[in-house]
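**Student:** These protein sequences, in sequence, are chains A and B.
Just so you know, the UniProt record's numbering puts 81 at position 81 of the first sequence, and the rest follows in order with no gaps.
Just so you know, the UniProt record's numbering puts 81 at position 81 of the second sequence, and the rest follows in order with no gaps.
Just so you know, these hints were derived from the structure itself, not from any lab.
Bear in mind that the values here come from a model prediction, so they are computed numbers and not experimental data.
Check before you lean on any hint, since a few could be wrong.
The list treats identical chains as one, so a pair stands whether inside a single copy or across any two.
Derived lysine-lysine pairs resembling DSS-like cross-links, with alpha carbons at most 30 Å apart [unchecked claim]:
(1) LYS96 <-> LYS26
(2) LYS96 <-> LYS28
(3) LYS28 <-> LYS95
(4) LYS95 <-> LYS31
(5) LYS26 <-> LYS95
Number of protein chains: 2
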Amino acid sequence: MRSQLEGAMDALITVFYNYSGQDGDKYKLNKGELKELLNTELNDFLTSQKDPMLVEKIMNDLDSNKDNEVDFNEFVVLVAALTVACNDFFQEQKKKTK
Amino acid sequence: MRSQLEGAMDALITVFYNYSGQDGDKYKLNKGELKELLNTELNDFLTSQKDPMLVEKIMNDLDSNKDNEVDFNEFVVLVAALTVACNDFFQEQKKKTK
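Given these sequences and hints, build the entire structure.
**Tutor:** Written out as structure tokens, the structure reads:
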């Protein structure tokens, strides 16, 4: 029986490989794969969150990597940063749906 | 409709507050709450993963915080570190269950 936290960690890994496996290096996200992941997986979040520059800023940071690829470790750091930034957002969403 | 990644981010937040809300500061995990979270949510992982000192090392790092409390940002960093460390572990588990 998997706990909620284990399920969340597993989901992070599954989502990453769903997109990284599409083309090129199967274990890294290229720029196209990263954009598709963000657009597909975080669409609601991207359109409704309050700082429209937040993801842009993070994308720019990732772009400074010379091969334009994101490995799993960098992806987890990205998700961690987004989760912290959206902690308040999710808390508000929950209040609305309760 | 929530995506898999949004579900994972939401789960991280939900799990944190389930434990942080038990006593003392509702928005921080004290040492007892953190241990309960790790034991309950990561029990299978803790008993089966290959480096038995990994969590101990992370706990010791967290203990260096003078008030023995972990806020949400520190928790996410912890989960990110654990997820990266366990990427290989989860991949192996998946192969076994397929």
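**Student:** Let me make sure I understand: some of the numbered hints might not hold for this structure. Which ones are they, in numerical order?
**Tutor:** The structure breaks none of the hints.
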